[in-house]
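Sequence positions in the sequence shown follow my numbering and run 22 to 453.
Worth flagging that the hints you see were computed from the coordinates, not collected in a lab.
There may be inaccurate statements among the hints.
The calculated lysine-lysine pairs, modelled on PhoX-like cross-linking and capped at a C-alpha distance of 20 Å, are [said to hold, decoys possible]:
{"id": "1", "residue 1": "K305", "residue 2": "K175"}
{"id": "2", "residue 1": "K305", "residue 2": "K206"}
{"id": "3", "residue 1": "K175", "residue 2": "K324"}
Computed beta-carbon distance windows for the label pairs [claimed, not checked]:
{"id": "4", "residue 1": "P263", "residue 2": "L347", "range": "34 to 42 Å"}
{"id": "5", "residue 1": "Y417", "residue 2": "F96", "range": "43 to 51 Å"}
{"id": "6", "residue 1": "L317", "residue 2": "E232", "range": "45 to 53 Å"}
{"id": "7", "residue 1": "I255", "residue 2": "I433", "range": "20 to 28 Å"}
Using N, Cα and C, we set each Cβ at its ideal position, and we do this for glycine too.
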Amino acid sequence: MKVKLLLLREKVFPKERCYLIAILLNALISGSVFSLIAIAILTNQLAEVGYPIGKMGILAFATCPYSLKILWAPFLDRYTVPFLCAKLGRRRGWAMATQICLLLALLSLNLLDISPHRPFPILPMACIIFTIALFAAIQDTVWETYRIERPNTKEELPLSIASSSIGFRLGMFIGSVLSLDVAAKYGWHQVYQMVFLLAHLGPITILCIREPTSKISNTLQDKRNYFHIIYKSILLLKEKQPYLLGALFFLLLYKSNDILPMTVRVYLSNDLSFRNTDVSLSTKIGTLAALAGSTLSGMLIPKTGIYRGIRIAAIVQLLSPFMLMLLALIGHDILLFIGATAVQFFVSGLAVTAFTTYSASLCTSKWKTTQYTIIASINSILRILLQTVAGLAASYLTWTQFFLGVMLLGIIAIVIFPMIFRKNTSGDQDYK
Numbered sequence: 022m023k024v025k026l027l028l029l030r031e032k033v034f035p036k037e038r039c040y041l042i043a044i045l046l047n048a049l050i051s052g053s054v055f056s057l058i059a060i061a062i063l064t065n066q067l068a069e070v071g072y073p074i075g076k077m078g079i080l081a082f083a084t085c086p087y088s089l090k091i092l093w094a095p096f097l098d099r100y101t102v103p104f105l106c107a108k109l110g111r112r113r114g115w116a117m118a119t120q121i122c123l124l125l126a127l128l129s130l131n132l133l134d135i136s137p138h139r140p141f142p143i144l145p146m147a148c149i150i151f152t153i154a155l156f157a158a159i160q161d162t163v164w165e166t167y168r169i170e171r172p173n174t175k176e177e178l179p180l181s182i183a184s185s186s187i188g189f190r191l192g193m194f195i196g197s198v199l200s201l202d203v204a205a206k207y208g209w210h211q212v213y214q215m216v217f218l219l220a221h222l223g224p225i226t227i228l229c230i231r232e233p234t235s236k237i238s239n240t241l242q243d244k245r246n247y248f249h250i251i252y253k254s255i256l257l258l259k260e261k262q263p264y265l266l267g268a269l270f271f272l273l274l275y276k277s278n279d280i281l282p283m284t285v286r287v288y289l290s291n292d293l294s295f296r297n298t299d300v301s302l303s304t305k306i307g308t309l310a311a312l313a314g315s316t317l318s319g320m321l322i323p324k325t326g327i328y329r330g331i332r333i334a335a336i337v338q339l340l341s342p343f344m345l346m347l348l349a350l351i352g353h354d355i356l357l358f359i360g361a362t363a364v365q366f367f368v369s370g371l372a373v374t375a376f377t378t379y380s381a382s383l384c385t386s387k388w389k390t391t392q393y394t395i396i397a398s399i400n401s402i403l404r405i406l407l408q409t410v411a412g413l414a415a416s417y418l419t420w421t422q423f424f425l426g427v428m429l430l431g432i433i434a435i436v437i438f439p440m441i442f443r444k445n446t447s448g449d450q451d452y453k
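Please model the complete structure; the sequences and the hints are all you need to start from.
As structure tokens, this is what we get:
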């Protein structure tokens with residue numbers, strides 16, 4: 022019986038794919054750290070003690086390293102950390118170095134005393150949050166490259182992306198939703214300690230995996246070569262996707278059906294008089310739905326192919342604004358609210374994993390860190406743009422008009438898809 026179970030485990034999850042667990046766990050750390058500093062501290066904790074919203078806005082700039090990954094990406098492709106990279110390899114060495122620095126930065130959170138009865142420690146807090154964001158962003162850059170380089174076959178790439186997406190969403194749940202429950206019972210310093218202890222999984226997993234076997238460029242010597250690598254990386258991306266500008270336009274429309282509804286969901290719930298407990302419950306169920314969507318996408322893409330997977334995700338995404346529009350028309354209905362949130366998070370997990378897999382497939386053997394970081398930076402800029410548009414549009418339109426407009430953007434994305442992602446793009450040969 023034991024032998025049969027071992028054979029079944031080896032068939033379902035062979036040893037060659039154990040690195041997926043490491044990717045999932047480190048993505049979990051990434052998501053928990055990001056949500057801790059960007060959501061739990063800057064939004065929930067400061068609002069809880071009654072600090073003005075203006076100070077929260079100032080502190081939000083301290084998380085800017087997440088949007089500046091392109092600045093250090095070429096250096097990660099060129100330079101090594103003394104001793105660590107010699108012992109562990111370039112990727113694992115950088116991962117270990119940044120993980121140690123991240124642990125020290127998280128430990129410094131315990132030095133803060135945020136209280137309405139004391140002067141607001143805005144400068145020390147901004148420095149600590151910036152430091153955490155910096156090392157977390159560098160760590161993310163290293164692991165984003167690892168999850169592209171490490172898969173043994175092209176069919177494993179979607180599984181690698183799905184593992185990262187699942188881990189990140191679990192981390193977001195821990196750092197935002199679960200942290201509120203812990204803070205309510207034990208205080209915010211216990212939340213800091215929880216994330217700090219969770220981050221210890223990083224060094225352990227780094228020691229348990231092997232270095233990817235891929236050639237890395239060593240051409241960064243001066244400032245001219247730094248910009249040359251960025252320029253050359255863009256040209257290599259264009260070789261893989263000749264209609265690069267069209268693909269960016271499609272990405273804007275594609276993400277609109279995810280970002281726009283997600284941005285206004287809480288405002289809609291307030292307008293319909295849902296309680297905080299209702300929002301919390303729907304978010305917990307939505308997180309499980311997002312995990313299911315990411316898992317399904319990772320299993321589906323190797324069978325359907327990247328391009329067909331993106332097309333399916335683009336069509337299914339229309340359900341997100343449709344369900345919220347239906348909720349706005351019907352009004353206060355807790356079951357419909359939970360159902361709409363579950364659908365919204367499910368299609369988000371499905372769509373994000375599909376397009377992230379495509380983005381990873383564009384990266385070639387040279388300068389993968391720089392190439393993927395360029396895509397991630399563009400993705401981040403589009404997210405900020407769409408969030409800004411969401412707020413402006415929602416203030417001028419009714420909810421029905423808003424969600425109909427979002428659905429129209431999604432339909433346009435589906436229509437232009439065949440014009441941009443043609444079969445002569447090299448990625449089409451990667452999957453069916």
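Evaluation of the provided hints:
Pair hint K305 plus K175 does not hold up; C-alpha atoms about 33 Å apart against a cutoff of 20 Å. Among the hinted pairs, K305 with K206 is consistent with the structure: their alpha-carbon atoms are about 18 Å apart, no more than 20 Å. With a C-alpha separation of about 12 Å, the suggested pair K175 and K324 falls inside the 20 Å cut-off, and the hint holds. Separated by about 40 Å at the C-beta atoms, P263 and L347 satisfy the suggested range of 34 to 42 Å.
Judged by the Cβ atoms, the range 43 to 51 Å given for Y417 and F96 holds: they are separated by roughly 44 Å. With their beta carbons about 31 Å apart, L317 and E232 fall outside the hinted range of 45 to 53 Å. A hinted range of 20 to 28 Å holds for the C-beta pair I255 and I433, which are about 26 Å apart.
Going down the numbered hints, you'll see the structure goes against 1, 6, while the others check out.
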